[in-house]
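Novice: Place chain G on chain A using the hints.
Number of protein chains: 2
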Amino acid sequence: MSNRERILETALELMNEAGAQAVGTSRIAQALGVSPGNLYYHFKNREDIVRALFADLDAEFRAILVDDVTPPIPAARFADFYLRSFDLVWTYRFFFGALHHLLRRDDVLAAQYRALQDWALAALEAIVTQLVADGSMTSPKRKGGLRSLALNTWLIWMNWVRYVQISGRETVTKADMVEGVGQIFDLLAPYLEPGFEQSARRVLTRALKPRL
Amino acid sequence: MSNRERILETALELMNEAGAQAVGTSRIAQALGVSPGNLYYHFKNREDIVRALFADLDAEFRAILVDDVTPPIPAARFADFYLRSFDLVWTYRFFFGALHHLLRRDDVLAAQYRALQDWALAALEAIVTQLVADGSMTSPKRKGGLRSLALNTWLIWMNWVRYVQISGRETVTKADMVEGVGQIFDLLAPYLEPGFEQSARRVLTRALKPRL
Chain A
3 MSNRERILET
13 ALELMNEAGA
23 QAVGTSRIAQ
33 ALGVSPGNLY
43 YHFKNREDIV
53 RALFADLDAE
63 FRAILVDDVT
73 PPIPAARFAD
83 FYLRSFDLVW
93 TYRFFFGALH
103 HLLRRDDVLA
113 AQYRALQDWA
123 LAALEAIVTQ
133 LVADGSMTSP
143 KRKGGLRSLA
153 LNTWLIWMNW
163 VRYVQISGRE
173 TVTKADMVEG
183 VGQIFDLLAP
193 YLEPGFEQSA
203 RRVLTRALKP
213 RL
Chain G
3 MSNRERILET
13 ALELMNEAGA
23 QAVGTSRIAQ
33 ALGVSPGNLY
43 YHFKNREDIV
53 RALFADLDAE
63 FRAILVDDVT
73 PPIPAARFAD
83 FYLRSFDLVW
93 TYRFFFGALH
103 HLLRRDDVLA
113 AQYRALQDWA
123 LAALEAIVTQ
133 LVADGSMTSP
143 KRKGGLRSLA
153 LNTWLIWMNW
163 VRYVQISGRE
173 TVTKADMVEG
183 VGQIFDLLAP
193 YLEPGFEQSA
203 RRVLTRALKP
213 RL
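Residue numbers (this note's numbering), protein chains in the order written: chain A, 3 to 214; chain G, 3 to 214.
Worth flagging that the hints you see were computed from the coordinates, not collected in a lab. These figures come from a predicted structure and were not determined experimentally. Zero decoy hints are in this set.
Pairs involving identical chains hold if they fit within one copy or between any two copies, as the list cannot separate such chains.
Once the Cα atoms are required to be at most 27 Å apart in a straight line, the calculated DSS-like pairs of lysine-lysine come out as: (1) K211 with K176; (2) K143 with K176; (3) K143 with K211; (4) K176 with K145; (5) K145 with K211.
Excised from the complex, chain A in its bound form (with noise of 0.2 Å):
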């Protein structure tokens, strides 16, 4: 592993046990046990580890949604999604603990996250259209439906790791990203075809239980 790549661990993991305000440069240096000088050899500062950070998420989100999708889409492949979404969630806790604090604060990142919003909205649209053309899903009736369903999801799905911290849980665990699959789940589950639905339940059920 590369010294970036070790800045970046140590970083990840003080973040999320922390939380983002609360780490700053000479922290990550001292837990890694390397002089500030060094750290700034390859970060100029926070702000620059938090966009180095969130480059890996973009890049690891934008890989779950497409990975070896070929229609149709299998029951599995569609559990998938949401295990592989809610496992990146954990890893990145720290980043959607503090998305409005850190978007606010960072215009680059700020942009970067709103292409990575409308990326993931086109393609969690493409996606549900897609369930529909394979016959696992109907439609919703009202026009732009399918939009609206991905919507709600993107909302779920990037909320909840702040919904459990405000509901007043010290530190999110992974129980309590096991309830939010659950819910970003339940969105879908009315317009799935019975079989199909079932059969991903059952991946998910398999999946998530020995974490609980």
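Specialist: Just chain G now, kept in the frame of chain A:
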């Protein structure tokens, strides 16, 4: 109107325009044309003002979910939940935009917010349970499905303003609120009896059209 009420009204107006963080007591006093001492007679600091505004929000929100709710709940009253709750978000948009920030700085406010959230989740679940009992809605098959619907409704509702802000629309408009009503209505739509859904949509369309 008492001085106290005038202070709250002006604070609400300024915070909705510029964001809660940008508005201090001196700016409020200046806008009102009163001395800071006059303001401090009523409120110790900005935190105190935000708490008073939240107390109003809290009371108004509770009224929306219980006023004149006698079973069976008519479609027009059901539509009213959406119209009035989004009017409320609009009226106190500064609060929903800065929610995380405000709660992190004030433990008393955070506890009050959590109490409202707990109450709201139970009240929303009671409403959908009543709709099922009325025959206006079918129940999700999954155990805990009505609770999940209540939680998703709450999550979209409380995060809508923030989503609009993050999406880069500089000021939240009434049209953004209308879109939010549509998003949240779509959560329950697949479970509503067709006749009930149509009647509710008719009320919503009639009420929201002139705003667009």
